Amino acid sequence: MRQNIINKKIVLLAILAAAISLSAAASAVDLPATCFLMHSSGLHLARDRQGHAALENADVTSPQMLTITSASDGYYNLFAHDGSVLSLSGDYDACFLSDASSFNAQYAIEAVSDFYVTLRCRANNKYVGVDNTSPGSWAYSDKDEPDYWYLSRDPAQAPALDECSYIVAPGSRRHQFEGWGVSLCWWANMCGKWSDDKIDKIIDWLVSPDGLNYNIFRYNIGGGDDSSHANCREHHIRDGKGARAEMEGFKDSSSGPYIWSRDEAQRKIMLKIKEKRPDAIFEAFSNSAPYYMTYSGCVAGNHDSKSDNLRPECYEEFADYLIDVCRHYKDKYGIEFRTLEPFNEPMTDYWYAGGEQEGCHFGVGSQIDFLKVLAPKLRQSGLSTTVAVSDETAVNQSVLDFIAYRDAGVLDMVGQWNTHSYTADDFSRAKLSSLCNEASICLWMSEVGADGSGIRGNLNLARRLVDDIRFMMPSAWIDWQYIEENHDQWGLVTTNDYLNGDAWRTKNYFVRSQFSRFIGPGSTIITSLNPNTLAALPPDGDRLVIVALNTSPAGIIHRADLSAFESVKSPVAAYITDSSHDMAWFSDYELGGTTLTFSLPPTSVATLIVPVTTGPLHDEINPDASYLLCPRTASDIVVTADDDGVRLKPAVMSPDQQWRITRIGDLYEFKNLSGQILTETDENNYYLDRENYKTGRQVFRLNRIDPVHYYITNADGSRAFDLEGESSSVNTRVGLWRYDDTPDAPVHRQWSLIELPQNDISSGDTSIDIADGLSPVTVRVLTDIPGMMTVKTLSGHSGPLRIYNVRGVCVYSASSPGETVVLDMPAGFYVVCLGSLSVQTVVK
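Going by this note's numbering, 421 is the number at position 400 of the sequence shown; the sequence numbering is gapless.
The hints are simulated quantities; they were obtained by calculation from the structure and are not laboratory data.
Bear in mind that the values here come from a model prediction, so they are computed numbers and not experimental data.
Some hints could be false.
Listed next, the in silico DSBU-like pairs over lysine-lysine satisfying Cα-Cα at most 35 Å (straight line) [unchecked claim]: (1) 147 / 214; (2) 262 / 351; (3) 351 / 295; (4) 262 / 289; (5) 262 / 147; (6) 295 / 262.
Given the sequences, and given the hints that come with them, work out the whole structure.
Shown next, in the form of structure tokens:
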């Protein structure tokens, strides 16, 4: 178990005061300066025996300091003890060399906070960083994203840690999750040719509950190119995406027979998955129709990449082709695809004849026309398979497709909506989620991947994953590639040669496992008011899973308030993946009462599993509770009514942000703990206002959209709460506007109401009994006077007293405080601790 983090923070404050500060103008330190160049991991940079710059631990004999001197034009030299100077060597290495005058040996030292700096090489304008934070790991001078460093005269000085505090709300159940998955295209086309033992190994890694725990798989129905190459160059696909992307079709001509022996490798992988994962869900999808149905005679696209390639007179033939493949797999192998997707990124302009892979442009109108052919045929086929659409690469284009399908009246032909999230923003994600929910259509995030470098690239994709699940609320999240050749970004497993069958798991595999191994099929995603976390309840509901992401080069302390759960228990299980660990046991946490505190190192992801029980869900507004009013398109900012008016501000649990929602007939009054009542001044004033007295326009109507979202209108329903400028940034004003004045989902007028734990939070008199190895005593906390807190220990107990603000910082500490303590306190939320128990309160 971790040491007390509060004490560590207090110590850190003293450390910060002693840290060296170095600005670009060298005004904060006398040069030359000799000190340790500390990495944010807590290790320091030194010269190893080979002359490389490497991380060194504090407990080595004679830890190495560096001497910093001014070079020129605001750049610096960093000298080792032997006079060699930190330098870019070759294209990327950081070594200690002899030439201090070279631009390779000159670095800008740039402050990114009061504590941290970055090092940027003058020669290539790139940063100094490491790929691993173990002692002895080499540093490199080629990073596009900076590592954080700090200067110290103590090699054991701990790095500064940021902090975040937030609530996990089990009553705010967002959506049920059916699983994680991956396309079989194109890795299975190669790996299905491996030996059985090697196939067994990679499929176990993929589907085992102790591996990735994936249960959804997308089978690619190949179109198949012209074997005579009459219309495009031979191996144009192999020269692009490689031999893996050369997919076989099952027919060579309209009149030819089906050749079911084809696509053996991909089929072998799919059958092995079915054997090892009987509950697997399969989807069939197409990238292109067979070449003989196209305008260009090439499965890579039309000669004009912005034009359709499937000839309209072939719509019925292509629909029959897809259905026949689905029927064959059911009849022959017992695999019935749940969905059939005929399109892949159809509204893009990069599918062209002679291109790098199978692809086919479909205008939205053409998509709808083909759907009208495919859907009736599929319904009459005897299969239970339904149509999925439209797998656009950009979520905003998917929104436009959806609106077009809706307006054309064909959504009843759609069984599932798929989108990729290569291009996505939170507004588009939320819009697509809202549209699918309104039409009761299942939504999948069906494909994504990304380039990058090392674990930072992996975590950047995990960042996209978190945003997708938080705002899009899909039932499934699906990777594009499982196995890539000589690549640790797009794939989760890599091989140095598709032909030899040797494979190993990448860092990306373990990053993804932090999510997929613990948030399994049937889990319910719940609200966590922190944008870098996902929270979920497994199907049995007896434990909470929190996955926390840290993409920063600096460490961070999390304090998750779990007091909304009926009970929170031990033991906690925790795992971490960072540059030095792969799903390793993690002990840097502390469960104190209902607060889970844990520390994340730089560039890391951790999963914590906490035994919990949950209380009954409330369908109605709880009149005895306080609520946060959160915009749908943000994670950690809430409606605040204070001297600035009614605006969005960071959630700090202040009285200005906690709302009592009182039912008055069919309407509701919103009054915060500061006494401000949300008010519509008149029908001509856009801005929502607040008053501390009763007027005639202070009741509103709640309209539920889904289990967690509402739109809120004035009494006559003519105007709804609205984010000015469709913005969800801090200080955005809240106004009133007609709810349905846009054709797409007006998510900037949708809100979630987060019920806060009822822990005797009040702005008046709060009393609890505390036992600290003594006879029971009563502690009374009075906050009835604005800006003041009075703590009374009524039985005369004089044990240690500590008071923490909402960020977990100790703002008052006394070992023998006496019977009465009167303190001036800024308005806000506080935890008053005496002995081992605590009381929460609010100062107005």
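Hints, verified against the model:
Our distance criterion of 35 Å between C-alpha atoms is broken by residue 147 and residue 214, whose separation comes to about 42 Å. Restraint check for residue 262 and residue 351: satisfied, since their Cα atoms lie roughly 30 Å apart, inside the 35 Å limit. Proximity of residue 351 to residue 295 is assessed by CA-CA distance (about 12 Å); at most 35 Å being required, the pair is judged to hold. In summary, the hint linking residue 262 to residue 289 is supported, as the alpha carbons are separated by about 22 Å, within the 35 Å threshold.
Distance check on the hinted pair: residue 262 and residue 147 sit about 30 Å apart at the alpha-carbon level, within 35 Å; holds. At most 35 Å may separate the alpha-carbon atoms for a hinted pair to count; residue 295 and residue 262 meet this at roughly 27 Å.
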